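Engineer: The lines below spell out each chain.
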Amino acid sequence: DTEVTQTPKHLVMGMTNKKSLKCEQHMGHRAMYWYKQKAKKPPELMFVYSYEKLSINESVPSRFSPECPNSSLLNLHLHALQPEDSALYLCASSQGLSGVTNEKLFFGSGTQLSVL
Amino acid sequence: RKEVEQDPGPFNVPEGATVAFNCTYSNSASQSFFWYRQDCRKEPKLLMSVYSSGNEDGRFTAQLNRASQYISLLIRDSKLSDSATYLCVVNTGFQKLVFGTGTRLLVSP
Numbered sequence: 286d287t288e289v290t291q292t293p294k295h296l297v298m299g300m301t302n303k304k305s306l307k308c309e310q311h312m313g314h315r316a317m318y319w320y321k322q323k324a325k326k327p328p329e330l331m332f333v334y335s336y337e338k339l340s341i342n343e344s345v346p347s348r349f350s351p352e353c354p355n356s357s358l359l360n361l362h363l364h365a366l367q368p369e370d371s372a373l374y375l376c377a378s379s380q381g382l383s384g385v386t387n388e389k390l391f392f393g394s395g396t397q398l399s400v401l
Numbered sequence: 024r025k026e027v028e029q030d031p032g033p034f035n036v037p038e039g040a041t042v043a044f045n046c047t048y049s050n051s052a053s054q055s056f057f058w059y060r061q062d063c064r065k066e067p068k069l070l071m072s073v074y075s076s077g078n079e080d081g082r083f084t085a086q087l088n089r090a091s092q093y094i095s096l097l098i099r100d101s102k103l104s105d106s107a108t109y110l111c112v113v114n115t116g117f118q119k120l121v122f123g124t125g126t127r128l129l130v131s132p
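Chains as they are written, first to last, in this note's numbering: chain D, 286 to 401; chain A, 24 to 132.
Mixed in with the good hints there might be a few duds.
Computed list of lysine to aspartate or glutamate pairs in DMTMM-like fashion (alpha-carbon distance at most 20 Å, straight line) [unchecked claim]:
#	chain 1	residue 1	chain 2	residue 2
1	D	Lys325	A	Asp30
2	A	Lys102	A	Asp80
3	D	Lys389	A	Glu79
Below, a sample of chain A positions facing chain D; criterion: calculated Cβ distance under 7 Å [as the list claims (entries may be wrong)]:
#	residue
4	Pro67
5	Gln118
6	Phe122
7	Thr124
No lab work stands behind these hints: they were computed from the structure. Just so we're clear, the structure is a prediction, and the values are computed from it rather than from any experiment. For every residue, glycine included, the Cβ atom is placed at its ideal position computed from N, Cα and C.
Starting from the given sequences, assemble the full structure and let the hints guide the process.
Structural biologist: In structure tokens:
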């Protein structure tokens, strides 16, 4: 059972749609992440938020827009996506404590996104 | 060269066998290391952290060799339920955790 909750579990959208993915954790973690995973590939880092500020953006196209409203919530806003953006989108969190190098990631169950 | 490399497998082993996976990383400044397990269509779940002194958790043993920049995972007495993809994860600095391609394990009766 995961303590990181993602909604929706499945999403089908057209290329002109705007949708949002949501992630929530109540473990008191201060770092939150978005990963993208294509079939039979490893997760690829997209964004990292640390203390509600964007700390890492792995050169992700602007059609993906992250938002961290507070320390427990993380959103990913989607607009004008392409079919190749179809993938499993995973949210994760970690303690995010300054100076701690042994950060463990806790993942949500993901949103399976299909772009038509 | 990829930051984190693994043999994708699959490794096909019978129940009760011992199997070992290796993972190499390119960034010598990498700070921490983990093994995650991922079942089909599920999220990755932490299996164990990997420490310089080596560590064991039941049937699972992880080792780190900083000089050669590789980590290993040994599974003893394989169970059917061990069938999954095993992902090597390396913290290359400041919350940037990079995943290897994963090694697929199939344990058969």
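Engineer: None of the hints should be skipped; say for each whether it holds.
Structural biologist: Here is how each hint holds up against the structure:
Taken as a hint, the Lys325/D and Asp30/A pair is honoured in the structure, with Cα atoms around 13 Å apart against an allowance of 20 Å. Using a Cα cut-off of 20 Å, the hinted pair Lys102/A and Asp80/A holds, with the two alpha carbons roughly 15 Å apart. About 17 Å separates the Cα atoms of Lys389/D and Glu79/A, which keeps this hinted pair within 20 Å; it holds. A least Cβ separation of about 5 Å between Pro67/A and chain D falls short of the 7 Å threshold, and the interface hint therefore holds.
For Gln118/A, the interface hint holds, since its Cβ comes within 7 Å of a Cβ in chain D; the closest pair sits about 5 Å apart. A cut of 7 Å between beta carbons decides the hint on Phe122/A: the least distance to chain D is about 4 Å, and the hint holds. Residue-level restraint check for Thr124/A holds (minimum Cβ-Cβ distance to chain D is 5 Å; threshold 7 Å).
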